[in-house]
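Asker: The chain contents come next:
Protein chains: 2
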Amino acid sequence: MNYSSLRHTSIFECCAKAEIESIENAIGLPVKRYKKDEIILHAGECVENICIVLSGSVRIDSNDIRGNRSILKIVKRGEVFAEAYACIPDVPLMVDAVANEPCEIVFLNVAKLFSLPESETKNKLLKNLVAISSKKNLHLSARILHTASKTIRGRVLSYLSQEATKQNSRFITIPFNRQQMADYLSVERSALSKELGKMKADGLIDYHKSTFKLTL
Amino acid sequence: MNYSSLRHTSIFECCAKAEIESIENAIGLPVKRYKKDEIILHAGECVENICIVLSGSVRIDSNDIRGNRSILKIVKRGEVFAEAYACIPDVPLMVDAVANEPCEIVFLNVAKLFSLPESETKNKLLKNLVAISSKKNLHLSARILHTASKTIRGRVLSYLSQEATKQNSRFITIPFNRQQMADYLSVERSALSKELGKMKADGLIDYHKSTFKLTL
DNA sequence: CTCCTTTCGTGGTTATAACAACATAAATTT
DNA sequence: AAATTTATGTTGTTATAACCACGAAAGGAG
Numbered sequence: 007m008n009y010s011s012l013r014h015t016s017i018f019e020c021c022a023k024a025e026i027e028s029i030e031n032a033i034g035l036p037v038k039r040y041k042k043d044e045i046i047l048h049a050g051e052c053v054e055n056i057c058i059v060l061s062g063s064v065r066i067d068s069n070d071i072r073g074n075r076s077i078l079k080i081v082k083r084g085e086v087f088a089e090a091y092a093c094i095p096d097v098p099l100m101v102d103a104v105a106n107e108p109c110e111i112v113f114l115n116v117a118k119l120f121s122l123p124e125s126e127t128k129n130k131l132l133k134n135l136v137a138i139s140s141k142k143n144l145h146l147s148a149r150i151l152h153t154a155s156k157t158i159r160g161r162v163l164s165y166l167s168q169e170a171t172k173q174n175s176r177f178i179t180i181p182f183n184r185q186q187m188a189d190y191l192s193v194e195r196s197a198l199s200k201e202l203g204k205m206k207a208d209g210l211i212d213y214h215k216s217t218f219k220l221t222l
Numbered sequence: 007m008n009y010s011s012l013r014h015t016s017i018f019e020c021c022a023k024a025e026i027e028s029i030e031n032a033i034g035l036p037v038k039r040y041k042k043d044e045i046i047l048h049a050g051e052c053v054e055n056i057c058i059v060l061s062g063s064v065r066i067d068s069n070d071i072r073g074n075r076s077i078l079k080i081v082k083r084g085e086v087f088a089e090a091y092a093c094i095p096d097v098p099l100m101v102d103a104v105a106n107e108p109c110e111i112v113f114l115n116v117a118k119l120f121s122l123p124e125s126e127t128k129n130k131l132l133k134n135l136v137a138i139s140s141k142k143n144l145h146l147s148a149r150i151l152h153t154a155s156k157t158i159r160g161r162v163l164s165y166l167s168q169e170a171t172k173q174n175s176r177f178i179t180i181p182f183n184r185q186q187m188a189d190y191l192s193v194e195r196s197a198l199s200k201e202l203g204k205m206k207a208d209g210l211i212d213y214h215k216s217t218f219k220l221t222l
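Chains as they are written, first to last, in the working numbering: chain X, 7 to 222; chain Y, 7 to 222.
Some hints here could point you the wrong way.
Put simply, identical chains are the same to the list, so a pair is met inside one copy or across any two.
Each computed DSBU-like pair below joins lysine-lysine, with the alpha-carbon atoms no more than 30 Å apart [unchecked claim]:
(1) K130 - K206
(2) K200 - K23
(3) K141 - K172
(4) K38 - K215
(5) K41 - K206
(6) K141 - K204
(7) K118 - K172
(8) K42 - K200
(9) K206 - K23
Calculated directly from the structure, the hints in this document are not laboratory data.
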């Protein structure tokens, strides 16, 4: 097992090598390698493992009934996925998890983790798990908030305002290009470009690429 | 303290009276009463307590920059709110929590809970916390999925399909009236009514009030 | 530097949803 | 049961965003 990589994952944060070993001995930490585009988890199946991305990256695909694929999320090295499903038994996956590039995934069985005798290490893991889940919660809630407005302008303002608050500045840099920003706000790219242009003309914002200025 | 009510909350699920008492002795479980429409948590403040609804109900309000109020959620008796914020220190609330009717709220300090020595009871609470958070996660993800489509029809189908899967039947009852369904899908009520009518005409669905039939 | 690819903005067209106003039906109150 | 309120459906109008096609700009690779 590659402990140095594992130590830098969100779920094993603040764990020493010995602690990870003790977990491995107690409940096992199987690793699996996947080729690019290989499916790691299929929609419909039930999972009982938290999946940890040791290397490479994974994309979470939503495939609605009529074959409309859309990428919900890219899970990067050190991050985890499927943890919510793993913590709620018997709920079938709504999405696919696919290797976005060659990757190694470590599987952590949650039920076994829970049934472990109390220990400092177990406690750390649970704490980390709560933090991961809570953070994701806040992100999901924020996105819902930002896509609540019926107009593109409203969505953009909602999103940029929050970013401005977070970054504590009216000059903000967002982690998206136009297409990604459009996807995040659930609008069409060119329509977003158009609206951003109008907002600039109206003196609401200024921008260049992914840097924006809110002219309050 | 009203232990019998507390025992039936999601966070204290499966805890005996003695266990709750031990938690109360160790970290305290202050209770506060609120009048209808009294603000329990203000947007902008940071919270460190999980808030437990002992009686009454609480509504989570989003007030965007331009005074557009919208009800994000009603938290009922036995449920908790603000838990995600409480688990991630120093993140300011994006929403208000307001007493929807006279209510009693119990406050559970997460940091204190985490720093408690390991015990069976602490373990139960953490497990419950993970379950609560994970469940909420799945709900939020589902909602994002359902509002991803750009058309009302797509959103309705996405939502109803999942409900059909969950309820394991093509006859489904949803927990919403039209207005609530429209809010959930982020569309306008009358537009939703219109589209539902069209979908019925197109033979896709049948419905009466809040019961639907997917004609696959 | 040139070629190629990707990203971004623009214009025009069309589909769609928001909005407003009203009608009908259902539920609640008295 | 009548009256009031609330929920739902309907119609028409208008604003808006999706969609399509294109061109310009930026970024990378050879």
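Asker: If any of the earlier hints don't hold here, list their numbers in rising order.
Answerer: Hints 1, 2, 4, 5, 6, 8, 9 not satisfied by this model.
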